[in-house]
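*Asks:* Sequence:
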Amino acid sequence: MTSILTLFEGCGLIFNSVRLKYNETQCANPWTNNYDGPSERYDVVRDFLKTQDIRIYDLDIKSEGRGESCLACTCLSGDVVYLRTLEDDADIARSLEFHFL
Numbered sequence: 001m002t003s004i005l006t007l008f009e010g011c012g013l014i015f016n017s018v019r020l021k022y023n024e025t026q027c028a029n030p031w032t033n034n035y036d037g038p039s040e041r042y043d044v045v046r047d048f049l050k051t052q053d054i055r056i057y058d059l060d061i062k063s064e065g066r067g068e069s070c071l072a073c074t075c076l077s078g079d080v081v082y083l084r085t086l087e088d089d090a091d092i093a094r095s096l097e098f099h100f101l
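So the sequence shown is numbered by our numbering: it starts at 1 and just counts up by one.
Please keep in mind that the hints were generated in silico from the structure rather than gathered at the bench.
Among the hints, erroneous ones may be present.
Derived SDA-like pairs: lysine to any residue, alpha-carbon spacing no greater than 20 Å straight-line [unchecked claim]:
#1 K62 / D88
#2 K62 / N16
#3 K21 / Y82
#4 K62 / L96
#5 K21 / K50
#6 K21 / L101
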């Protein structure tokens, strides 16, 4: 089920937003893994999403447990990227393996 929230901006401009999440991997994420610390990682993810023409209204990265016990790049790290974007941009995010909440 897709959760849609109507937001108001400026002088009554209305747009629909959706929430999505991405389960980060150890090194197979679509953005680079070359960053130092949490704030730089946030910037890397944000900048990558912007290059994909995804309008970001909220972005958060949370640790949600221990990652998988394996060494493959595709193993889950235990971190999750939460994104709120326009409904119109959801298809782009979904093509990057984001999933609706």
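*Asks:* Starting from K62, check that the Cα of L96 is at most 20 Å away, please.
*Replies:* holds (18 Å)
*Asks:* Is K21 within 20 Å of K50, Cα to Cα?
*Replies:* holds (16 Å)
*Asks:* Check whether the Cα positions of K21 and Y82 lie no farther apart than 20 Å.
*Replies:* holds (5 Å)
*Asks:* Below or equal to 20 Å on CA atoms is what counts here, so check K62 against N16.
*Replies:* Judged against 20 Å, a Cα distance of about 24 Å means the pair is violated.
*Asks:* Straight-line Cα separation of K21 and L101 no greater than 20 Å?
*Replies:* Holds, at roughly 7 Å.
*Asks:* Keeping to a limit of 20 Å between CA atoms, is the pair of K62 and D88 held or broken?
*Replies:* violated (25 Å)
The structure is inconsistent with the numbered hints 1 and 2, although it conforms to all the rest.
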